[in-house]
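Position chains V and Y against the provided structure of chain X, taking the given hints into account.
Take a look at the letters that make up each chain.
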Amino acid sequence: MSFVSFEFLLFLLILFVLYYTLPRRFQWMLLLVGSLVFYAFASPKYLIYIAVTAMSTWAAGRAISAEYRGRDSYIKETPDITKEQKKARKEAAKKKAKTIMVLCLVLNLGILAVIKYTDFFISNINSLFGADIAFMRFALPMGISFYTFMSAGYIIDVFRGKYAAEENPARFALFVSFFPQLVQGPISRFDDLSKSLYEEHAFDAQSITHGAWRVLWGYFKKMVVADRLAPLVAGIAGSPDKYAGGYVLALIFFYSLQIYADFTGGIDITIGIAKMFGVKVTENFDRPFFSRNIAEFWRRWHITMGTWFKDYIFYPVSVSKWMMKVSKWSRAKLGNTVGKRVPVYLSTILVWLATGIWHGASWNFVVWGLLNCVVIMISQEISPLYDKFHKRFSFSNTKGWDIFQMFRTFWLMGFLRVLDVYRDVPLTFRMVPTIFSGRGWSEMFSGGLLKFGLSTADFVVVLAACIVMLVVGILQGRGTVCGQLSEKPRAVRWTVIWVLIVIIITLGAYGIGYDAAQFIYNQF
Amino acid sequence: MKKRIISIAAAVIVLAATFFLLQRLLMPKYISVNEEGGLAAEYYDNAGNNDVIFIGDCEVYTNYSPIKMWTERGITSYIRGTPQQMIWQAYYMLEDALRYETPKVVIYNVLSMKHGEPESEAYNRLALDGMRWSSTKYRAIKASMTEEESVISYVFPLLRFHSRWSEITAEDFEYMFKTEPLSHNGYLMRIDTKPAGTVPDPIPLPDYSFAQVCWDYLEKIRSLCEDNGIQLILVKAPTLYPAWYPQWEEQIEAYAKEHGLTYLNFLEKTEEIGIDYTKDTFDAGMHLNLSGAEKLAAWLADYLADNTAVSDRRGDTATAEQWQKKIEFYEAMQASQKKQLEENGSLNSFR
Amino acid sequence: MKKKMAALLALVMVLSLVLCSCGGGGESNNGGKNTGSLDYYFQVKDVKVEMKADAEAVLKALGSYKSSYEAPSCAFDGMDKIYSYGAYDILTYTADGKDFISGVVLRDDTVETPEGIAIGSKLEDVKKKYNAKEEGSSINVYSENCRLLIIFDNGVVTSIQYIARSEK
Chain X
1 MSFVSFEFLL
11 FLLILFVLYY
21 TLPRRFQWML
31 LLVGSLVFYA
41 FASPKYLIYI
51 AVTAMSTWAA
61 GRAISAEYRG
71 RDSYIKETPD
81 ITKEQKKARK
91 EAAKKKAKTI
101 MVLCLVLNLG
111 ILAVIKYTDF
121 FISNINSLFG
131 ADIAFMRFAL
141 PMGISFYTFM
151 SAGYIIDVFR
161 GKYAAEENPA
171 RFALFVSFFP
181 QLVQGPISRF
191 DDLSKSLYEE
201 HAFDAQSITH
211 GAWRVLWGYF
221 KKMVVADRLA
231 PLVAGIAGSP
241 DKYAGGYVLA
251 LIFFYSLQIY
261 ADFTGGIDIT
271 IGIAKMFGVK
281 VTENFDRPFF
291 SRNIAEFWRR
301 WHITMGTWFK
311 DYIFYPVSVS
321 KWMMKVSKWS
331 RAKLGNTVGK
341 RVPVYLSTIL
351 VWLATGIWHG
361 ASWNFVVWGL
371 LNCVVIMISQ
381 EISPLYDKFH
391 KRFSFSNTKG
401 WDIFQMFRTF
411 WLMGFLRVLD
421 VYRDVPLTFR
431 MVPTIFSGRG
441 WSEMFSGGLL
451 KFGLSTADFV
461 VVLAACIVML
471 VVGILQGRGT
481 VCGQLSEKPR
491 AVRWTVIWVL
501 IVIIITLGAY
511 GIGYDAAQFI
521 YNQF
Chain V
1 MKKRIISIAA
11 AVIVLAATFF
21 LLQRLLMPKY
31 ISVNEEGGLA
41 AEYYDNAGNN
51 DVIFIGDCEV
61 YTNYSPIKMW
71 TERGITSYIR
81 GTPQQMIWQA
91 YYMLEDALRY
101 ETPKVVIYNV
111 LSMKHGEPES
121 EAYNRLALDG
131 MRWSSTKYRA
141 IKASMTEEES
151 VISYVFPLLR
161 FHSRWSEITA
171 EDFEYMFKTE
181 PLSHNGYLMR
191 IDTKPAGTVP
201 DPIPLPDYSF
211 AQVCWDYLEK
221 IRSLCEDNGI
231 QLILVKAPTL
241 YPAWYPQWEE
251 QIEAYAKEHG
261 LTYLNFLEKT
271 EEIGIDYTKD
281 TFDAGMHLNL
291 SGAEKLAAWL
301 ADYLADNTAV
311 SDRRGDTATA
321 EQWQKKIEFY
331 EAMQASQKKQ
341 LEENGSLNSF
351 R
Chain Y
1 MKKKMAALLA
11 LVMVLSLVLC
21 SCGGGGESNN
31 GGKNTGSLDY
41 YFQVKDVKVE
51 MKADAEAVLK
61 ALGSYKSSYE
71 APSCAFDGMD
81 KIYSYGAYDI
91 LTYTADGKDF
101 ISGVVLRDDT
111 VETPEGIAIG
121 SKLEDVKKKY
131 NAKEEGSSIN
141 VYSENCRLLI
151 IFDNGVVTSI
161 QYIARSEK
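Chains as they are written, first to last, in the numbering used here: chain X, 1 to 524; chain V, 1 to 351; chain Y, 1 to 168.
Just so you know, not all the hints are guaranteed correct.
Said to hold, decoys possible - Taking CB as the label site, the calculated pair distances span:
{"id": "1", "chain 1": "X", "residue 1": "Arg137", "chain 2": "V", "residue 2": "Pro206", "range": "30 to 38 Å"}
{"id": "2", "chain 1": "Y", "residue 1": "Pro114", "chain 2": "X", "residue 2": "Arg423", "range": "26 to 34 Å"}
{"id": "3", "chain 1": "V", "residue 1": "Lys3", "chain 2": "X", "residue 2": "Gly238", "range": "52 to 60 Å"}
{"id": "4", "chain 1": "X", "residue 1": "Leu427", "chain 2": "V", "residue 2": "Ile168", "range": "35 to 43 Å"}
{"id": "5", "chain 1": "X", "residue 1": "Ser2", "chain 2": "V", "residue 2": "Ile168", "range": "23 to 31 Å"}
{"id": "6", "chain 1": "V", "residue 1": "Ala243", "chain 2": "X", "residue 2": "Leu463", "range": "49 to 57 Å"}
{"id": "7", "chain 1": "X", "residue 1": "Ala464", "chain 2": "V", "residue 2": "Thr18", "range": "17 to 25 Å"}
{"id": "8", "chain 1": "X", "residue 1": "Phe429", "chain 2": "V", "residue 2": "Arg24", "range": "33 to 41 Å"}
{"id": "9", "chain 1": "X", "residue 1": "Ile382", "chain 2": "V", "residue 2": "Ile168", "range": "50 to 58 Å"}
{"id": "10", "chain 1": "X", "residue 1": "Gly238", "chain 2": "V", "residue 2": "Pro206", "range": "28 to 36 Å"}
{"id": "11", "chain 1": "V", "residue 1": "Glu167", "chain 2": "X", "residue 2": "Gly238", "range": "56 to 64 Å"}
{"id": "12", "chain 1": "V", "residue 1": "Glu167", "chain 2": "Y", "residue 2": "Thr110", "range": "48 to 56 Å"}
Simulated from the structure, these hints should not be mistaken for lab results. Note that the structure is a prediction, hence the values are computed from the model and not measured. For every residue, glycine included, the Cβ atom is placed at its ideal position computed from N, Cα and C.
Next comes chain X alone, as it looks inside the complex:
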């Protein structure tokens, strides 16, 4: 079920009513049932995959916890236990736990790898060796990238002893399958989500209202901005021969807006819905376009993905024995200054390779990941220069400079991101330089942008929506918007919400009037 569908709204309504009328001890079970229903609606055949991941991870977690409990009770109950015996027992437990964890990870990450990346692998073999192996065309179970990573994070945490495993398989299944998260994330951590996921929730009018406001705001961004820009972005990217030069810059700009509105809007809907059920889902965005540099951007955009890679790939890899060896070698061979960077940079490259690949099974994403990595590393290296610059020039510490930096970061990330939309990497690298060729500009500004199904009125709406999003972003800097809105008089609150609802229904880019295929083949 798409968030933007009547079935989903009906489903939500029914679930919501049941949630607050049934006895509270059944609430989490109802959420589990609801999540399974949601999943079955979208892809009933693939319920088996999420079930396998959830149950195998739960079982592995139980096994590891049992192992640790065994170790602890042995140590506690053995009289006169020596230090060496303790150490040996601990190591034995750790080794066994590690085996269990690795098996669990191999199974579940393996499922993800096979389903998502087999055809990518095959197509590369085909091009490299001129073979003609047929594609497997596995269909992706909904949310597999998200729930697999959530499960992987859980089992690693249990292995590390961060928390005890969840005893109840149904409760764990809810963590893995909690429906608002299945579509676009965020990638929750078990200790964080379980704080509120299983609690009994009283009907809290304010919490529900704030959740509902957030959901509305998410729908506004998704339906008024993202869905409106979609045909424009697809149209420019889909016909690169026709739309080069200035169009590419327009593509970068509008795609940035589209993905921002779609992704943050979807997350707002997710967090808002969870809030309406009393569940606190962690934030995934923090006003990303207010970032002044790329490093800051990645602390504000898709936050849970960044922290997942940091906690489960970057740190383990950079402190691993193997990396220690590499560090030692490189310090010896390349000198200290370079040598001490090597482990960090190698880990960074690995993380960004993984990040790219996680986004999608194509070279576009891998290159995108690596380019982000290169830019980050470069900006790291020249940060001393920046410090000198800031000391030398006082204007660089003003608000104006901040805004310049935000502008610069917006465009930098936009240029990197354009790899997402073009068909392949060579095409992208061919198209981007045409921005400076002078082509397309005059055509674009004399009605060229109106050829994709968007009228002038639509662009006005996008502009107005951007101003609204900017204002909200600025307000968010002062505290939660819901909180600020709550403090306003009732007339103001109701009016804001009324306007939002009316705008979503009237200006939302949904329905047959906005069918992109409809407009292109209007008379046919």
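Then chains V and Y, alone, in the frame of chain X:
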């Protein structure tokens, strides 16, 4: 608590009222654009007292003049036609009409037998949005929907037409709660002329069989008429294009014979009726203009008066008064269209 | 030392660029799409008539026609036109204020398809030329924009029609 419930109720009412007004504003008005869309809704103000009801597509609403049938033989009739009306829509139009009256004769134009599946969302809306809500309308929607459509967009047309927000004109405001009458008991008048020249040869089809669903609905129409004591007459309008294939003709003739139904193929009677394709059509032979429609109506009125249970209702004062008004509107529109032709050389609007 | 740093950075960048150049073959999970390289079209006296092509150019190239017919759609703004050339008819539709080719109907055996099939050709030849099987009394072959419909009776072709394929 009570205060809260009241304020929530008030908010909901305000929201509902807003959407009601928005819907009225954003739905197409069919006043100066796509005027044919106004046809479906006009029936209800003229329901009751019609001895003949036509169902079908543009071949019914352009080719017969109910006013002429009245002035010739005092026959009251209504044409429940809509653009590219599918046979299932024709059936439901009839079922709907039977909630308001029981005519003596129903006339169905068989061209729509060639459409075996839903084709166009736009034409669906022209037929269905004007219908009043009932279980008949619900079933008509379900039978008509193309893949991209949904029932809820018919329940709340705002969900379909909200995209008109950037196209609204003063006319949308003016006609939020009213409309201008368009048809003459379902007849859409055109007095302009475009003579028929060479009409293209028919294009051969790989398969001339009608879809099973069409036969099913034809049978439903027939039974519905039989169950209500109505005489069903099948007709084929005298249009030169699109092609009416002999293979189709055979099948309809066979069906009519099998069920003892009258089938009038006007293509075979054009001389008898006196149709002159240089004067009686406004689009080179696809539809008749007023002159042609009156000729056809006169012939049909005579046929019905002599062969069916319809009677001359001119003696009934109430009916006569009602129809006198219709005649006046008819003549006024004729004059208005004539003026348009004289001033502009062509018709810009029906009214 | 700085040289080494630069060398390291350069190595990383080269690595990235090398991986970039591998990007040619990569496709996502819907790999292996085979867009029809062969689009069926009609050809008469050096004029190529392709479905959905701009009609004005084609009609101009074909020269004067015997007769034409305009068929407006029931309610909306569409206008289908048929141009009869005697041996064949050209059908057009309107979109965005311009006319495009929506079909060609072959009327006699003085014209044939580029593959050499005309009215009167044998069914067996048709099946061979187009590598297709019959469905009832017709054969349909499809390319990206075109449906080629060949109707036959008693093993002999009676009608050949090019029909533009609708996106729906």
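To see whether the hints hold, each was checked on the structure:
Restraint check, arginine 137/X to proline 206/V: a C-beta distance of roughly 33 Å satisfies the suggested window 30 to 38 Å. Checked against the hint of 26 to 34 Å, the C-beta distance between proline 114/Y and arginine 423/X comes to roughly 31 Å, which is consistent with it. Under the hint 52 to 60 Å, the C-beta atoms of lysine 3/V and glycine 238/X, about 55 Å apart, fit the expected range. Judged by the Cβ atoms, the range 35 to 43 Å given for leucine 427/X and isoleucine 168/V holds: they are separated by roughly 41 Å.
Judged by the Cβ atoms, the range 23 to 31 Å given for serine 2/X and isoleucine 168/V holds: they are separated by roughly 28 Å. Here the CB-CB span from alanine 243/V to leucine 463/X is close to 52 Å, well matched to the stated 49 to 57 Å. Under the hint 17 to 25 Å, the C-beta atoms of alanine 464/X and threonine 18/V, about 19 Å apart, fit the expected range. For phenylalanine 429/X paired with arginine 24/V, a C-beta distance near 53 Å fails the hint of 33 to 41 Å.
About 55 Å separates the C-beta atoms of isoleucine 382/X and isoleucine 168/V, a value consistent with the hinted range of 50 to 58 Å. Range check, glycine 238/X to proline 206/V: Cβ separation about 34 Å, and the 28 to 36 Å hint holds. Range check, glutamate 167/V to glycine 238/X: Cβ separation about 26 Å, and the 56 to 64 Å hint is violated. Evaluation of the 48 to 56 Å hint for glutamate 167/V and threonine 110/Y yields a pass: the beta carbon distance comes to about 49 Å.
The earlier numbered hints that this structure contradicts are 8, 11.
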